[in-house]
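Chemist: Make a model of the complete structure from these sequences and hints.
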Amino acid sequence: MVQVALTVYVDEQEGTTLRAALNERAEQLAISLGLPFLDYEDSKGKGYDFLLRLSGHGLELVLERAAAPGPVRVDFENPTLDYRIRNRVSRQAIARAIGIKPGFHPDVLDATAGLGKDAYLLASCGCRVKLLERNFLVHALLEDGLRRAGLSRDPAILEAVSRMDLSHSSLADFRIRGLAFDVVYLDPMFPARGKSARVKKDMYVLQQYFSDSREKNDEPGMLRDALDIARRRVVVKRPARAGDLGGQIPSFRLTGKSSRFDVYLAGSQLPNSQPADKTF
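Taken in order, the sequence shown gives residues 270 to 549; the numbers are from this note's numbering.
Heads up, a few of these hints could be off.
[Stated by the list, open to error] The calculated lysine to any residue pairs, modelled on SDA-like cross-linking and capped at a C-alpha distance of 20 Å, are:
| no. | residue 1 | residue 2 |
| --- | --- | --- |
| 1 | Lys313 | Ala299 |
| 2 | Lys526 | Thr349 |
| 3 | Lys386 | Ser438 |
No lab work stands behind these hints: they were computed from the structure.
Modeler: Rendered as structure tokens:
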């Protein structure tokens, strides 16, 4: 089982006032998450796989391993994310998959919210997005990122996050409760294939975390629950050459160079024939 501890990291130049404020918040967070709270220096060499680190930049996940990448946090003010929003191809691809049209912005359940990047992109396109994250640690990262984004001075960021609502729950729980959304969006964590230049830092760290925690997705069950909840469609984001989710062939695909969107239309039987394949 993966071992995680909570700690506070403050640069010497940031001062004792910030450290005191972060320590107080970290103590409360450790209690709510059920994690041990350790001094940063004391946390080294104690056998923890990950540190959940509170710093002046926000809540961060740190992989405690030699040559590991740096800390990962939810940051909706990241220039890379801003580029995705302004990139016409990225916007058009996910907008087509979700079914966004002039005058119509479906309400979306992002049932595998992760670090919230796709949810933020959809919210920036005008959709109201319910972010669903069942893992307590990733949920904490998202909650902190949304809190910081709510303090932004950028009107576009404030407008986008106002359309985003986070829930610590599961897709199965939403189905049992009879909740419905126009679109259910799924981006299941794909198994790690080792560290490489093609794997982004945040994805690599999350892959290691979920691999170590042995938390697995029930892909067939996930798709069934999603189809029960979706009024219009289920959209699954996959690596371009990956197999279909749960082995179920979609109604149609939108395929790019490195990834694709598999679309399952609601209210119809899962097709057994080859779907129409479109490109973006």
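Chemist: Any of the earlier hints contradicted here, and which numbers?
Modeler: Hints that this structure does not satisfy do not exist here, as all of them hold.
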